[in-house]
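Asker: Given the structure of chain A, go ahead and fit chain D onto it with the hints provided.
There are 2 protein chains.
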Amino acid sequence: MKVWLVALISVLGGATTLTIGLLLGHLAIQKDGGAERWLDATQDIDESVIQHFMGAVDSKRIEENLRELAKKPHMATTKGDLDLVNLMLDRWNNKETGLDEAKKVTYNVLLSFPQKDKPNSVAVVAPNGTQLFTSRVKELNYTKDQLDPDVVQPFAAFAPPGTPKGKLVYANYGTMDDYQRLNQTLGIDLNNTIAIVKYGGTGREDKGINGAKFGVIGVIVYTDPADINDGKVNDRNETYPHSWYLPPSGVERGSYKLNFGDQLTPYYPAKDYTFRLPESSIRGLSPIPAQPIGFEDARHLICGLGGDDVPNGWQGGLGCKYHMGPGFHNGSSFENSDVQVNVFNRQETKASDNVIGIIRGSVEPDRYVIYGNHRDSWVHGAIDPSSGTAVMLEVTRVLGKMVKDGKWRPRRSIIFGSWGAEEFGLIGSTEWTEEYYKKLIERTVGYINVDIAVFANATLRALGSPAVQSVVFDAARQVSTPGHRDLSVYDNWMKHSNRTSPLHGAIPNMGTLGAGSDYAPFFHYLGISSMDIAYTYDRSKTKARIYPAYHTAYDTFDYASRFIDPGFTSHQTVGRTAGNVLLRLADSALLPFNASDYTEAIDQLYRTAQKEFAAELNKQNISLGHLESAVKRLREAADGLNARISELNVRSESPLKVRMVNDQLMLLERAFLDPVAFPDKLYYRHVVYASKASAVQTFPGLADAYQRATGGGGGADAWAEVRKHVTIVTYALESAASTLEAVI
Amino acid sequence: MKVWLVALISVLGGATTLTIGLLLGHLAIQKDGGAERWLDATQDIDESVIQHFMGAVDSKRIEENLRELAKKPHMATTKGDLDLVNLMLDRWNNKETGLDEAKKVTYNVLLSFPQKDKPNSVAVVAPNGTQLFTSRVKELNYTKDQLDPDVVQPFAAFAPPGTPKGKLVYANYGTMDDYQRLNQTLGIDLNNTIAIVKYGGTGREDKGINGAKFGVIGVIVYTDPADINDGKVNDRNETYPHSWYLPPSGVERGSYKLNFGDQLTPYYPAKDYTFRLPESSIRGLSPIPAQPIGFEDARHLICGLGGDDVPNGWQGGLGCKYHMGPGFHNGSSFENSDVQVNVFNRQETKASDNVIGIIRGSVEPDRYVIYGNHRDSWVHGAIDPSSGTAVMLEVTRVLGKMVKDGKWRPRRSIIFGSWGAEEFGLIGSTEWTEEYYKKLIERTVGYINVDIAVFANATLRALGSPAVQSVVFDAARQVSTPGHRDLSVYDNWMKHSNRTSPLHGAIPNMGTLGAGSDYAPFFHYLGISSMDIAYTYDRSKTKARIYPAYHTAYDTFDYASRFIDPGFTSHQTVGRTAGNVLLRLADSALLPFNASDYTEAIDQLYRTAQKEFAAELNKQNISLGHLESAVKRLREAADGLNARISELNVRSESPLKVRMVNDQLMLLERAFLDPVAFPDKLYYRHVVYASKASAVQTFPGLADAYQRATGGGGGADAWAEVRKHVTIVTYALESAASTLEAVI
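Chains as they are written, first to last, in the working numbering: chain A, 6 to 749; chain D, 6 to 749.
Treat the hints with care, since some could be wrong.
Pairs count within a copy or across copies, as identical chains cannot be separated in the list.
[To be verified] Straight-line Cα separation of at most 27 Å, DSSO-like style, residue types lysine-lysine; simulated pairs:
#1 Lys-77 to Lys-548
#2 Lys-76 to Lys-170
#3 Lys-121 to Lys-355
#4 Lys-276 to Lys-624
#5 Lys-686 to Lys-729
#6 Lys-276 to Lys-729
#7 Lys-409 to Lys-662
#8 Lys-500 to Lys-412
#9 Lys-76 to Lys-109
#10 Lys-77 to Lys-729
#11 Lys-729 to Lys-170
#12 Lys-662 to Lys-108
#13 Lys-729 to Lys-355
Quick caveat, the hints were computed from the structure, so don't treat them as lab data.
Bound-form chain A, shown alone:
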């Protein structure tokens, strides 16, 4: 009873700094002893919790996590992957440092595998049938474990089986432009040819899809040292294990598949109860066999090609002058020979696991913050994805211990996801968002993805919805740059990449979300404010398309610990930053989203549309005036919401009023979803950030419709599509404004 009286007296005495909410909170908690009594409803973020968390994130433990995770290859659904499922479950169910709950969620999904006894290959076949050359898997020489060739064999997942043979042509990156140039400008007949193309420039599957349109019957894909190795090629002293550069034998694997998620069950989870489409209905796959090889093998092929010199810009780094073919040059040892692509991939429906871990929220258990990464890799996958998983395990260890010690419980629920089969096209995460679509879309505050945690150890890189910019900045200001105690991650980021914001002046440059990792279904399909956080390159030091061992057998613990992040301090920094964001999303009474950052981004997209399209649109009597009005209304709505927020005292105000504002902030992103906007694009429902073909940085539906209308001669139907997409965007912005305006 004493606490009651003390509290009462302090009010009676006019201690106005003690808010009523605070007072009553004390009363009720003391009286009932329950930690979840309703007066907790004002529970707000505790900066000391964040400091404790950041202090506890341990680089050594991340290193040990990674050593363990990358011990074996762990391609989706193979033994190595199943071992890691158990590892995740063990960690998250640990009595001292585990979460409240962890469980497996399994889907039966269509995957693609090479065959152990019939390895894929690329061969040069003489007119008499003699094989003059065959590509071989030499990556294994550099790895110490006994590797199962079924598990580590390079292949183009989902490329169809077949053994096409024909004259070889060099087709640069295999874009439509590239093939068109070869065929139309340079007059090369591509019918029945085998194209050798470089990674980059287009989706992997596009290299075959595009080529097939010109008669190409098989595709060989390799990683050109000019694109990945800053030109380095020599494995005696230049490439791994002497540096981070890719050895000549390294082969980049990948999924050759456009749509994400299980292809037989679009929009529905791949459960036992789910109807499967016939495989023949799948779209977005290469119609012709494709096979990746290392640049050592590619050199044999490309440097032997005859025909004219390649156009400007097509030359690569193999150390010879590139020619286009078709076929090998006179005098070459391959003269008159064909090239054969031997692909024996088979598709199989297999059980793939997600591992889900949960920390229950105290005040708003029905609001979720989700943090995830995929678990599967192509081979050992030390960097991709285990650098992210190693960080996630450290984040969950620290938070789990705080919960188990009774020191902390988040205001909102936190869900951790270890996704399966991402490498096959974001399958585990997509199926999970399908299965729990309704409750995730209704309840999720934000999604944090940390896949490749460290590409390189120079600076933070964040991709995300404009909604999360402010919270990422808040976190980045609180974390130190490795080796520079007084330089914040934020300030270091500014040095590497910045821009001028109309609202904030000079700020770090946050990128936008494509579909490169598991954030895609959360963001594009469910409209959940998402982000992807990593450490990345100093671009003054390398032009590599991505870290060189990407998707090869060289992506090992040894590689990571010697060349990517010695000491694991960049991993630690990513863990601190992502964990800081996570805690802010989970614990802040008022969600740390700034709607005005979204309106700034949209205003920019609008200005670009205006600048790039308005002249031609005027000729077609299509006005952007209503779109401009919608942008203005949205900006005013965001300003209005911010004004209301600034007047809101979260300690004394009704928790339902705070929730009301939070729901507006949470649901802003959802307002941009339109399930009928893009009937031809599976899962893409986000009208502001959907995928697009056009290079113009504006609203994707509008940009693509404009490109079709102007590129295709501009029939009435094509301009009608432009008109429609102006409406679609205008409507989405009006809806977003309506979401942010006073609720009634």
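Answerer: Only chain D this time, still in chain A's reference frame:
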């Protein structure tokens, strides 16, 4: 300060009946004097408010409302409609009895009108071109006002213009079966014929759509006295003004259009900024001219027909023996004559207003309860829709006064809608749900529709989602039956229509929601738990398809006040009941929805599927086992939620915990939405209650797919569709279970 001490002492003294929540509520309210301080968050329903409301609903005022509303014809967008827009605004902006706010929301929508100077008609034309008979508008003789023929002319809205001429055939109701029977069983060549058909049995537009498939070139539609008048035909003593029965001259108008909402802007609001589809893309309209006539004119045509006797069941109530034609019988004055349908309808995009009225919620302003009715009619529309509007105006007067007097403010926000252009196909309500889709779907607790408030004065009739059954029952138990003070509306309803519920035993029979009024977009498109409330027939006394003056010029105040509800006590009863439901939805701290009522309904639909389809499905290797499991999981989830609710003390529990449960109850209905389930049906997204062609009372997609598979010979594709729809339903039920289960 005294109140503080009194309250404190009562707690210190151990007065345990005073909950902490109650105490703190008093404290805070007294201290700050603000009615919206956060401790109001436990505000619950006050039964005395409901009693006050019900006592204040005045039959006399409803009568005066109706007299005013039905003074002039008020077809959508005509002068009479615009006058009522102003009337609504005046009432809702009234200083003493108005709402917090009222405003007009306008859409530019495609409507259809007859032409003043070229009236539509049906004529009998002799071979020499002489017009032997022409239908005339004789309804006007019975109405006293000077009526504008442009406004009251009978027509089939959206039927195309044209003046087809041909031999007349009688085609019963114009269903596919009817035409098929005429053509295939009875061997009548329907090419180039004019079909005369009865209202009923099918959608209005179907009569032309079906006929055209058999070569019919024009359709005449009439209301047969056997279907509407219990056989009464004589206007000397049997029909209005002598009774409620339809006079021979009465013509039933209507919209001949399948899809609801503006047809040029599906899924987007028909605003200035909105792209319009070309009119040629519209689907679901009669491709041939159609015109309605009265049964007096129909008698001239039908009783003159030659040919064979009609099949059993086709005979109507015109007092002659029906023949099928084609053409008139020998010796008839019309012998050898053709019939010509003259339709001069024109389509025009016009501005149609909704009037929106608002009472702001105090505790949860971001939760909406919506109550609406359309405002437009075909002519005077005393019953349809002004009986509902008269009731709504009385409900808003009483509630508005309570608010203006400072006696009451709802916990949640209440929105009243006076929808425009409903008669043209639910246009005003659909456009509004499109414009505010995001916030309505996120925030709306329920929708109450009262269109025709009183069909007849015998008993309550409610259609609704199973979610609302319990709250409708709660209200019906508190209202007295007119003239029977001790007989509740609930008990009277039981007498007229009841069923045995596995959960509750004998209960009144609530119907399901089709697409007959403005609840359709709320329910089918947005998945908002909706209901339609009215007073209706004693079915032992009439078999009329609907009240006989429906959609004719006889639907007047005189008709309503003398034959439908003398004294307006049934109107009053509907107002009390619907208002009671409204208050319960708006004020109950815990939403009065029972998830178990939904699971009961779904279980019944599942059992029907099992009973009707399982044998054949087994042969096709299609199992309903997973669907059964989903039904079970849903039932258990509902039981679990009910158990958690029963342990919840809304006065002492965190308002966020109460909100959590309420959101689960609110969002249950949303879990049944699937935007990709019915790609060919505009707006229908509710997997449990979408429209269907099959007569089997089970899940609509499954029922229709099964019907197509078994009816069409059962190709592999057709059975694949069945499989797909089993998945779609299973997935929806799993999602619903997931919504109801513990949130984390």
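Asker: Where does the structure disagree with the numbered hints, that is, which hint numbers, in rising order?
Answerer: When the structure is compared with the hints, numbers 1, 2, 8, 10 and 11 turn out to be violated.
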